[in-house]
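Sequence order for the protein chains is X and F. Numbered continuously in the working numbering, the first sequence closes out at residue 365. Numbered continuously in the working numbering, the second sequence closes out at residue 1174.
To be clear, the hints were calculated from the coordinates, so they are not data collected in a lab. On a predicted model such as this, the values are computed, not experimentally measured, just so you know. Hints may contain errors.
Said to hold, decoys possible - Here are the simulated BS3-like pairs of lysine-lysine, each with C-alpha atoms no more than 25 Å apart in a straight line:
#1 F:Lys1101 to F:Lys1086
#2 X:Lys240 to F:Lys1122
#3 X:Lys240 to X:Lys203
#4 F:Lys1159 to F:Lys1129
#5 F:Lys1129 to F:Lys1142
#6 X:Lys103 to F:Lys1142
#7 F:Lys1142 to F:Lys1159
#8 X:Lys103 to F:Lys1086
#9 X:Lys192 to X:Lys203
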Amino acid sequence: MTLDQLVTSSGEWLKGTGPNSEIVVSSRVRLARNLADYPFISRANESDRAEIERLVRERLAVLSDGDRFDAKLMYVNLGEIEDVDRTFLMERQLISRELCEAKGARAVAIDPSERFSVMVNEEDHLRIQVMHSGLDLEDALSQANHLDDLLEEQLNYAFSDHFGYLTACPTNVGTGIRVSVMLHLSALVMTKQIEKVFRSLQKINLAVRGLYGEGSQALGDFYQVSNQVTLGMSEQELAKKVADVVPVLIDYERQARDYLLRETQETLHDRVSRAYGILRSAQTISSEETLFHLSSLRMGVNLGLISEVDIPTVNKLFVHTQPAHLQKLAGSDLDASDRNVERASYLRKHLNDGDRRGGGKSGSN
Amino acid sequence: MKCQKCNKPATFHITDLVDGISELHLCENCAQAFLSPGGQDTSEVSLGVSGLIAQQLAVGETAEELARLDQRVCPVCGVSFLEFRKQGRLGCPYDYTCFSKELEPLLMNIHDETRHVGKVPKRCSVDAKQQTQLIRLRREMKEAISSENYERASELRDKIREIEEQRPKPSARS
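Sequences are here, hints too, so could you generate the full structure?
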């Protein structure tokens, strides 16, 4: 499997399946691990980083060649690829923004179905990440634990009985776990209740970020809710803390959607239809405008206001209209204004002419 | 360096990691005003790790104690407490042992707990000092090479190899 083969596929988390997937897009579990024999990244020199990268690469190969993973992993040396490819991996959520923008020896091992990736030399030596579609934290946690066990057979982790898994930043020490759920909270944004929800989540020690880690003005109304604390509670307890709040958030979002349908149906229907109209007919469109309208379209599809498009297609458009994806799909470097033209053309192609369903299948374009 | 607010010597160096990385250099009084709840500048401002460290140290540490603490260096990776305070990132696993006294209140502040109760790796027996001795030896070897003390460097290289050989080998099960 090569990077270019990933371009046309969609990835597990965009499938749009799983319980409550109209609101819960994906569930993610990330474990931070460090090797006992090397300094943390902030203190590691170029040769330390290169050695860590080589060591992890070799040990992952032992596991992959021994068929210990479900499929052979794709190993990408991030120092050796083009900027656009790194950004592509970030847009796909297979690597973090920090790893994308870092310097020096660093890498990522990717499961071909995109259900997990292992980042090498991020803020910590290893970041194991599992991503499942819909609300599926329990399975995501058990897969992350399994991957962690496999890697631990091969590598000496930095661990202390007292502090747990030792991490570069004290905010991750202990379990090193970040359990997060990505939610599409468009009605709570429209009814201006989202800030209130944020404040209540912060009170119970949960963090809220946007799709790519940004602040309160999240792109496309996608929000990630995650645990803030990593020490003094078990992995299961922390996952439960996040899992317990999700039904409440789903309920709030549904109530807000019901309210919009009941009280402002024409306005809502108009907004959704206009969004759909713009997306399928614009000749040039920015990334921000696209995300804004796709969010309305996604809610419209979920509420049955638009029936000719399905959720996997909308999910796929969210990611495939990002700058690096567009350039990979077009097969050439494009500046911002060319991208806007290409984006509009891509949207028209996928939202017209009977190609509006089945976006979750790979290679549908 | 002078305080950015009143020109007295700046003893607090606060890095705000939340709204992009920005640095603030303040004297003790201005830092306390900045960090105290309800202080003019703190409304709605979350300080990130470095801010928390500064906040915690502001309580009960005099400038001299703080200066002395800042000079402390981890014998394994060479990171000073000052560097940790400025960057909010530790230098190596041994820092958790070496700075444990300073870290405990910080961890309490962040996590409300200081003890791990979660998963434990299956193979983990060596103590912290042993776990990290390779980091120290490699650093010493590099220092020996840069000061052209090649005899010492080669001794250290042999020692490193010896430890690497003794290390429990990861299983090559396939």
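Cross-check of the supplied hints:
A threshold of 25 Å between alpha carbons decides the hint, and for F:Lys1101 with F:Lys1086 the separation of about 18 Å falls inside it, so the pair holds. Our distance criterion of 25 Å between C-alpha atoms is met by X:Lys240 and F:Lys1122, whose separation comes to about 24 Å. A C-alpha spacing of about 17 Å is found between X:Lys240 and X:Lys203, which places the hinted pair at or below 25 Å, so the restraint holds. This hinted pair checks out: F:Lys1159 and F:Lys1129 have alpha carbons roughly 15 Å apart, not beyond 25 Å.
Simply put, F:Lys1129 and F:Lys1142 have alpha-carbon atoms about 20 Å apart, close enough for the 25 Å limit, and the pair holds. For the suggested pair X:Lys103 and F:Lys1142, the alpha carbons sit about 22 Å apart, so the restraint of at most 25 Å is met. Of the supplied pair hints, the one linking F:Lys1142 and F:Lys1159 holds, its CA atoms being roughly 14 Å apart against a limit of 25 Å. Taking the CA atoms of X:Lys103 and F:Lys1086, the gap is about 21 Å. The hint holds against a cut of 25 Å.
Taking the CA atoms of X:Lys192 and X:Lys203, the gap is about 19 Å. The hint holds against a cut of 25 Å.
Consistency with the previously given hints is maintained throughout, with no hint failing.
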